[in-house]
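Asker: Hey, can you piece these two chains together into the complex? The hints should help.
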Amino acid sequence: MKVAIFPSCIVDTVFPEAGAAAIRLLERLGLDIDFPLEQTCCGQMHLNTGYETRAKKLAARHLTNFTPYDWVVGISTSCTTAVREFYPQLLGPTRAAVGGTGKFIELSEFLLDVLGVTELQGTFAKKVTFHTSCHSLRGIHLGDRPQRLLGMLSGIQLVPLPKSDSCCGFGGTFSIKNSAISTVMMEEKLANVYWTGAEVLTAADSSCLMNLSGGIQAAKKPLTVMHYAEILEIATRQTQGKLSNFSGAK
Amino acid sequence: MVWMVLSDMAGSRVGFPYTSLPRIEDSQLRANLRSATTAIREKRGRVVAEKDDWEELRLKGEQIRAEVLNNLDSYLVKLEASVENVGGVVHWAGDAGEANEIVLSLVRQHGESEVVKVKSLTTDEMGLNEYLSQGGVMAYETDLAELIVQLAHDKPSHILVPAIHMNRSEIRDLFQGTISKGTALSDDPTVLAEASRLYLRQKFLSAKIAISGVNFAVAETGTICVVESEGNGRMCLTLPKVLISVMGIEKIIPTLDDLAVFLELLPRSSTGERMNPYTSLWSGVHKGDGPEEFHLVIMDNRRSAVLADPVGRQTLQCIRCSACLNVCPVYERSGGHAYDSVYPGPIGAILSPQLFGTESSKSLPWASTLCGACYEVCPVRINIPQVLVHLREKVLTEGHRSSSERFQFAILSAVLSSGSRFDLALRTISRLRFLINRFLAFGSLPGVAGKWTVARELPEIPKESFRVWWRRSRGQ
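Sequence lines, in order, name chains A and B. Residue numbering for the first sequence is 1 to 250, as defined by my numbering. Residue numbering for the second sequence is 251 to 726, as defined by my numbering.
Keep in mind the hints are simulated off the structure, nothing from the lab. Check the hints yourself; a few may be wrong.
Coverage of chain A stretches by chain B, computed from C-beta distances (three or more under 8 Å per stretch; other residues unrestricted) [what the hints assert, rightly or not]: (1) 16-24; (2) 185-193.
Some chain A residues well away from chain B (every beta-carbon gap over 12 Å; in silico) [stated by the list, open to error]: (3) LEU47; (4) ARG95; (5) LYS126; (6) ARG148; (7) GLN238.
Selected chain B positions facing chain A (Cβ under 10 Å, derived; list incomplete) [stated by the list, open to error]: (8) ASN335; (9) VAL580; (10) GLU582; (11) ARG583; (12) PRO615; (13) THR619; (14) LEU638; (15) ARG642; (16) LYS644; (17) ILE679; (18) ALA705.
For glycine and all other residues, C-beta sits at the position ideal for the given N, C-alpha and C.
The following block holds chain B by itself, in its conformation from the complex (with noise of 0.2 Å):
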């Protein structure tokens, strides 16, 4: 280790470490995170300790996505057809901007300028809000901390708890600011929830369009299905007369059956609910009852690249249930968004840099300890540690990783390669301990090891290493 810390082994001075920095300092962000995510994970670990067969359903889960994933060829084109026959439409997106114009020329086919929207991370990925308004529709948000993130001209920081870094004091002041001026509120929840009632009430009654992202959908009957808790998107997907869904191609399940598994598995995995409140669950289009007109998209946007990986391929099992993220310590000091990314925390550290590969996310795979805390709760079995190391590994093959690290490892697996020269080495360090014990305790290390010692003191060298007292004391 010693050696390890001598040297700086930052790389470039991009990405995770650089970008939380700031929310580490904040104590009201970390305060806000700490209680939150608290809160959750208490409940989670309450309502997951009530089953006895929780292992049997995560075994469950992970083989039904698994199974999936590895024929998602066959999958998709049942899928389409599944949907085509109860009377939607398909449509296929290559990547994210293709996706983006299918919704866009949809809505202007329609002569709309506004449509509402139920949370869905999907089109956050795509950035739709933004094209949308770019073509002039606007976009409105309707789950209450997605109004809340939109409205503060924000990033969700949660995959679940989009406005989780926000307070209510916060929250009380934007909505006094926006949709309630000239009202005065107080800080309570049920206050504040009423006021965002008031405003979304008109938007659901007066959109002619909705667009959803899809929680999972059944290959064998076409059915799509979203969960919710507000009912804001029981209201999208009933209300308006068309109703466009947007998915990536891992997001299906064989048959209906499937669903009881992962209804069970996602409530108490992200909100620690037994049952999730508002469920909705459609299959094409019925005359008179719902929307008149249903199009389904279906996005890749390199998710076949992750596919083609088979270490990596597990990451596309995710369901986004966000117990991950409550339980990282990484996340909860650094907050979501230090991850610079719609996908933070532990899954957004493995799924970012192999959807996106831009240069912020390739720090990513090392924002983490490898605590295993994200593995030990994640509902579909997704073993996040692997991928993690793994992908440290891709990112070193791709040459990014600063020669004097590369150079360190190699000098320190030629010292490891054998008894004799790692015994060589102790005595060498043994013998200059005096200058390496002084040099550590002036704490005067260069660059970012540097940070190490502010905090730290380092552990001295030994007169003699262990395989040392050993030779001496067992004469060998």
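Chain A extracted, bound-state conformation (with noise of 0.2 Å):
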């Protein structure tokens, strides 16, 4: 089984300890991970800013790049979702599954549902919520697939976070075309997530991620904020002996 990353260009050029908890993780579980070089852009960003010439070609490269791999697995649900959802529609849907777009899979696709992974041995003893992407709810439908890993740490106290559907009010150039409504809502948000007490707030993706933080960081809330990935990395980082009932790549 040949194994690709897809840590996308937002992990990549600001949050690099996400992609490389994900590699550390997939590693320990004993499988050989792979991460081509030519990988730049998905071409979402062009895409929903409306440079549609722009975004195919970032797309049909972007899918030539991860030939050789059996799965290619994503830690962005929005990314994931502009390869499996939005290149059928961008480039055709013949074009799109012959490109291999079935291929790309979310980390906690891949690790529950690829690999059957059912239990992890590792601890984190701290209270954490979680922000449902809207890419993860309504574009890949992962549904509690990484709360179900998050829940297999000891230690761990998961609190539900309210109003989880709505939206966290980025939405790339959103944000800044329409900065006072994406504020309201970022700000909504937050106080949900202030609201559950958690010290850690978590997500299956960076640009949420990189948007509330940044509404924590200015209101200056002693708040940790990390992608579930690294939470699984840092939890089995001292576990002795078999991490997982899943005893390596097939």
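Answerer: Pasting the structure below:
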């Protein structure tokens, strides 16, 4: 099984620790993970801003970069949504399918659905709340997979976030073009986050987290923000012996 | 992202970002809107969850509407023949101006100076009330919320609940100053409804002409369907001698059987009810029963141009349920007036730019985070995020885009077109990170991007990018 990671350009640029965490975690599970250096950006940013022609070129080259792999594991729900849900519209369904959009998979889907992980040996003794990104909810329909993985850790206290189906207000260029509404949405989302009393805010999407952590820092609240892959990686760092009931790459 | 945030991408200073500002600062309006949309949203959620075959119904609804649009030319001719066959008169209008003139001349032919109206978005789109008024004809809105908006000289802010932006004490004050002058009213909804009934009853009994919109026009039988909740529509459609109904060309469904699908989809999606309270269906005229004359005005008003766009076409599938408004996080904060159109909310954000193409409507495709909540609830499965993105592209190709933004995306594309170029760019950013981070921490960003940083800190540029870490740690 040849597996590549697709951390996304935003992780590559600003949040390298999220990508590194996913790699370390997967390697700890006995997998050999590759990062094809030709990958840059899936083109979602261009598509969403209305640069369809440029997005098409980026989409085509993005698929080509992953030709040799069986699975392409993403850690950004909106980027995996872009490939799986938007490429068929952008490139046409046939070209997208032949290009391999079906092998793009989110980390939690890969761990639970492909590898069949049902337990993880690790400890994370903190109160954590999970922000559901719009694309995890309505794009790739991730359901509660990341929360299920987090729930396998001992010591973790997962507290549900009220109004979890509402958008954090980021929306890429929306947060710039309509910054006033975006800020109100973000502040209402954060009010719910603070209400939970969580010490850690996590999500499966670094762009939502960039928005929310920006707001948390500006409000000077003592809350740690990290990708859920980082939590899984930190929690399993000290684990001796078998990390999971899954024994390694098939 | 950082490079995008770093500069002003606002483009022109008109449109949604600016029209929405006063609404966002109005905490009373936001409270009114939040409680109203939350209530409808929850009600809809409950009644939709009852239907095991909801997704099949949505697919069926989409399929019927799409098929009609794909064959609209023949359906229109068929509808005309069917309506005339049952004694109705069909009038064709190329645009709103023609439609207004047809209605005014029909009213004048009967020597009338007053008409009663059933709530109709299409006539709002035409500006019919204003046109009639200039022609010496007073149009009385009979839907309670439309009446409120009319009395307040205001504009509707929601497709289904036009006065959603007002609360009951504001409405009490309005009634005491207008239709209930000299009467003390409480803000009890039943008292307010009674006040409007007393006023409207006289209008129903005296009017000789009624004007309505059309929810569905059945091509096969020439049957027209209007759905409403208050019974005011039933009064208008049965009491006056002359009935004039106005529809956009897209409102057709093939058969009466198809109507069954929409009478399931529409009430659950719009008001969160299992069944619509007043559903009126009529086919032409019948001696001694209802209006003696029936006129159907079929209006294009740029819909055929929308139809010509393969991606934009699905917009015309809309059955005006307003479910998308009630789930939209942007609408909830901005209110309907910010959209500066009779069609607010997500559906307005795709319909208005295509129908009207005004300067302010060009900003509407960006009035969305693309969160997808609208698409998820749409009973006829209009992929609103897809059309929004398509329209962003269209506005771009029409040249309504700042040159600085186009320049940035050109540079960005060049950088992203190869792994080594991206690598070089990331190394450069890392090398300059002390400068950039200080600049970011300063929060002194130019233009609109500055607003981003009022409420948020920008992330710091890390010492090494992911790919640099990968190469260093994996020895590649």
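Asker: Taking the closest Cβ pair, is B:THR619 under 10 Å from chain A?
Answerer: Holds, because the Cβ-Cβ distance from B:THR619 to chain A comes to roughly 3 Å (cut-off 10 Å).
Asker: With a cut-off of 10 Å, does the beta carbon of B:GLU582 approach a beta carbon of chain A closely enough for the hint to hold?
Answerer: 9 Å, holds
Asker: Take the stretch 16-24 of chain A, compare each residue's beta carbon with every beta carbon of chain B, and decide whether three or more fall closer than 8 Å.
Answerer: holds (count 5)
Asker: Against chain B, does A:LYS126 keep a CB gap of more than 12 Å to every residue?
Answerer: 22 Å, holds
Asker: Classify the hint on B:LYS644 as holds or violated, based on whether any CB of chain A lies nearer than 10 Å to its CB.
Answerer: Check passed: Cβ of B:LYS644 comes within 8 Å of chain A, closer than 10 Å.
Asker: At a threshold of 10 Å, is the proposed contact between B:ASN335 and chain A supported by beta-carbon distances?
Answerer: Hint violated; B:ASN335 Cβ to chain A Cβ min 42 Å, cut 10 Å.
Asker: Quick check for students: does the CB of A:ARG95 sit more than 12 Å from each CB in chain B?
Answerer: Per Cβ check, A:ARG95 is outside 12 Å of chain B; nearest 17 Å; holds.
Asker: How about B:ARG583: closest beta carbon in chain A under 10 Å, or not?
Answerer: 5 Å, holds
Asker: Would the hint on B:ARG642 stand, with a C-beta cut-off of 10 Å toward chain A?
Answerer: Interface hint status for B:ARG642: holds (3 Å vs cutoff 10 Å).
Asker: Looking at A:LEU47 again, its CB stays over 12 Å from all of chain B?
Answerer: 6 Å, violated
Asker: Against chain A, run the beta carbon of B:LEU638 and see if the smallest gap drops under 10 Å.
Answerer: Holds. Min distance 9 Å.
Asker: Examine each Cβ of chain B, and state whether all of them lie more than 12 Å from the Cβ of A:GLN238.
Answerer: Holds, because the least Cβ-Cβ distance between A:GLN238 and chain B comes to about 20 Å, which exceeds 12 Å.
Checked against the numbered hints listed earlier, the structure breaks hints 3, 8; every other hint is satisfied.
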